[in-house]
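Trainee: Spelled out, the chains give:
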Amino acid sequence: MTDPATTTEGLQGDGQGHNSGLLRYRHDAIADHAAVTVDAFVEQDDALAVRIEPGDEARELIPHLDRVKLVEVNFPAFGDGRGYSSARILREAGYEGELRAVGDVLVDQLAYMRRCGFDSFDPDAPLDAGDVEAALARWPDVYQSAADDRTPIWTKRHA
Amino acid sequence: MYRYDTYDQAMVDARVEEFRDQCRRRLEGKLTEDQFKPLRLMNGLYLQLHAYMLRVAVPYGTLSGDQMRALADIAEKYDRGYGHFTTRQNIQYNWIKLEDAGDILADLASVEMHAIQTSGNCIRNISSDHFAGAAADEVVDPRPYAELLRQWSSFHPEFAYLPRKFKIAVIASKTDRAAMKLHDIGIRIVERANEDGGAELGASFYVGGGMGRTPMIAPCINEFVPLDRLITYAEACLRVYNRHGRRDNKYKARIKILVHELGAEEYTRQVEAEYAHLLDQGVEPPFAELERIRTFFADPEFRAAEEASASGEPAETASEPAFRRWVQRNTNPHKAPGYVSAVISLKPVGGIPGDATAEQMRLMADLAERYGFDELRVMHTQNIVLPHVHKSDLPAVWRALDGAGLSTPNLDQIGDIIACPGLDYCSLANARSIPVAQKISERFEASGKGEALGELKLKISGCINACGHHHAGHIGILGVDRKGVENYQLSLGGSEAEDTALAKITGPGFSEDGIVDAVETAADVYLRERTEGERFLDTYRRIGMTPFKEALYD
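Top to bottom, those sequences are chains W and H.
Just so we're aligned: the first sequence equals residues 18 to 176 in my numbering.
Just so we're aligned: the second sequence equals residues 245 to 798 in my numbering.
Excised from the complex, chain W in its bound form (with noise of 0.2 Å):
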């Protein structure tokens, strides 16, 4: 689950005047596009990038994912989990682009991110290397589905 190339490219930067503390483990090129409300991009054809609330439907972009490029989920405060579905969601409706997660993003809640697909975090605070490169090895398997490949624990008894 952890490219350590990745992790290193990610905490330096992308060049291209973003947050040094961006972390990315995508491949393509990052999607240069200002976020806008969900409310906003359904209304406005154009828009390439969306940003999620806590409150908002994640449902309603669903009919629109074919021009996203970009959705950042934002978490205000680390505790509210409301996030996680609507990242899950996403994927679950086939969305393939950045998801991007923002805000309150913290390294303990890195592993439980990744799994509900996000593929990108900008947190508020820049993280510590050598943390989120621990923290994203930490688990050797996992229990249950979720956005990400892993296979279940519970699959892998039965293979």
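It is worth saying that the hints were derived from the structure and are not from the lab.
Keep in mind the model is a prediction, meaning the values are calculated, not measured.
Every residue, glycine too, gets a C-beta built ideally from N, C-alpha and C.
Errors might be hidden in some of the hints.
Claimed, not checked - Taking beta-carbon pairs under 8 Å as the criterion, some of the chain W residues facing chain H (in silico):
1. G96
2. D97
3. G98
4. S102
5. R105
6. D125
7. Y129
8. R132
9. C133
10. D148
11. Y160
12. A163
13. R167
14. T168
15. I170
16. R174
Unchecked claim - According to the in silico footprint, chain W covers these stretches of chain H (three or more CB under 8 Å from chain W):
17. 249-256
18. 261-275
19. 399-406
20. 513-526
21. 531-543
22. 563-572
For chain W, the structure is supplied; the task is to place chain H on it using the hints.
Mentor: Okay, now just chain H, sitting in the frame of chain W:
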């Protein structure tokens, strides 16, 4: 009972290392206390009035002798030589040092135990019927379903930051011994006829029950979820809650408020829609996993009913009145001929409900190994069960318990009190619970009325969070703070059994000594008014509150 394979062990070991790393980062100042708090809570570590408290998970209340011994060792090594069994079938230690927590978790992992998700706004330890696998009245052993839910809910990435804590109970009898309808999700495994003329098992889902400051009885939202859809349905229930449960007010954040505000019908509609969607997402485990888990809960090799005991206990013991009273009061019918489930009371007269010393834990472990197929259960009523005891071994079991202060014959009687830790330990409490429990048990022991009163479930909470289940007591007591003085409100008529009911308050509260008198007054009204075969609760339901009020306040 369930045993870890290398996968389970690796996950628990990884958790220990994760927590050690989190503690290190906290000490280095990389984590603020606000950031660290939910992490330590999800490892069972609370900051109480005087020290840290560590809550250890006992999944569905089942323990082996070795595990009970490990709990005894932890009590001695890291605490003050005792532990406290809780209303969610767990054990907690009240005098823990933060710097020892990592080592304790490592000790637990060495006996396939942990403190994962015993606190925090996540899915907590799954509780179950303490007589599971033994009760004569169960459809099937509910624990395999509880174990499947344990695995599913452990480190669930979507549901680690729910609006509030989330408690699930699983039973498989009509008799409810787990307060199922007072949980966020209560599941009852049921049997129904299928088209082939056979029977099939499914799960009835009750969602949105709870105690706390707004007690509610969970409505049934789906009477029959097929067992090969169990996890998918649970996932749907949780997702609707995670997305729509209130987060603006901690006291309105439990799922019961969501179900209440939406209405059970609308909540159910949303769950069914999410369920229909999730059925295509492959979240359900292979059915073979449920079958694998079931093999761990196969019946032990029961002896023939008529077989004699090899304990060496003299035959005269069986005729001792104290022994006979204990058997009559503290054993429960078993599905296997010649067997009973024996309840070890942790409610000695004047004692602290649910406490056991390290020596007592070791003795219970020894008895389980020698006479009980190496199995123990923690009851939500804060007692311990030896689930499978051959009747011929009961005299030896009782003799050993009697020598250790563990033979109080008071199961479901007025001395068998549930009490929260209260103001003696808890930072949330408004009043002490333990001294009130002690005084009541002493009062009824002195008057000798306990036996005459029969089944009378008394429950005490030291604040409105209701950890002592006072809403569900035949008699409930709630400690409040009235202008700096502890005051106790009395309520009557609650039940956490299959006839679930919420108790009603009698009127103005009482002082600490006054509440003991008030309980006795209420008990006397029952003794005066009861008809043949009526329990306290039955009499209350028949005659209503008025006669009790008159006796209490006029």
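Trainee: With reference to the structure, classify each hint as holding or not holding.
Mentor: Status of each hint after checking the structure:
1. For G96/W, the interface hint holds, the least distance from its beta-carbon to any beta-carbon of chain H being 5 Å, beneath 8 Å.
2. Taken as an interface hint, D97/W checks out: its beta carbon lies about 6 Å from the nearest beta carbon of chain H, inside 8 Å.
3. At a threshold of 8 Å, the smallest CB-CB gap from G98/W to chain H is about 3 Å, leaving the interface hint in force.
4. The beta carbon of S102/W is positioned within 8 Å of a beta carbon in chain H (closest approach about 5 Å), and the interface hint is therefore held.
5. Annotation: interface hint on R105/W holds; nearest CB of chain H at approximately 6 Å, less than 8 Å.
6. About 6 Å separates the beta-carbon of D125/W from the nearest beta-carbon of chain H, less than 8 Å, and the hint is met.
7. At its closest, the beta carbon of Y129/W sits 4 Å from a beta carbon of chain H; the interface hint therefore holds under the 8 Å criterion.
8. With a cut of 8 Å, the hint placing R132/W at the interface with chain H holds, because the nearest CB-to-CB distance is about 4 Å.
9. Restraint check, C133/W versus chain H: the minimum CB separation of about 5 Å is within 8 Å; hint holds.
10. The closest approach between the C-beta of D148/W and any C-beta of chain H is roughly 7 Å, which is under the 8 Å cut-off, so the hint is satisfied.
11. Nearest Cβ of chain H to the Cβ of Y160/W: about 5 Å, under the 8 Å cut. The hint holds.
12. Against a cut-off of 8 Å between C-beta atoms, the interface hint on A163/W holds, since the closest Cβ of chain H lies about 5 Å away.
13. Contact between R167/W and chain H, as hinted, is not supported at the beta carbon level, the nearest pair being about 10 Å apart and thus beyond 8 Å.
14. For the restraint placing T168/W at the interface with chain H, the shortest Cβ-Cβ distance is roughly 11 Å, beyond the 8 Å limit, so the hint is violated.
15. Hint on I170/W holds. Least Cβ distance to chain H is approximately 4 Å, under the 8 Å limit.
16. For R174/W, the interface hint holds, since its Cβ comes within 8 Å of a Cβ in chain H; the closest pair sits about 6 Å apart.
17. Remark: the segment 249-256 of chain H is confirmed as covered by chain W, as 5 of its residues place a Cβ nearer than 8 Å to a Cβ of that chain, reaching the required three.
18. Against chain W, the segment 261-275 of chain H contributes 7 residues with a C-beta closer than 8 Å to a partner C-beta. That satisfies the three-residue criterion, and the hint holds.
19. Interface restraint, the segment 399-406 of chain H with chain W: holds (8 residues with C-beta to C-beta distance below 8 Å; minimum three).
20. For a cut-off of 8 Å, the count of residues in the segment 513-526 of chain H with a CB near a CB of chain W stands at 3, and the three-residue condition holds.
21. Using a Cβ-Cβ cut-off of 8 Å, 3 residues of the segment 531-543 of chain H lie near chain W, which meets the minimum of three, so the contact claim holds.
22. Taking a C-beta to C-beta cut-off of 8 Å, the segment 563-572 of chain H contributes 0 residues in contact with chain W, too few for the three needed, and the coverage statement is violated.
This entry does not satisfy hints 13, 14, 22, going by the numbered hints stated previously.
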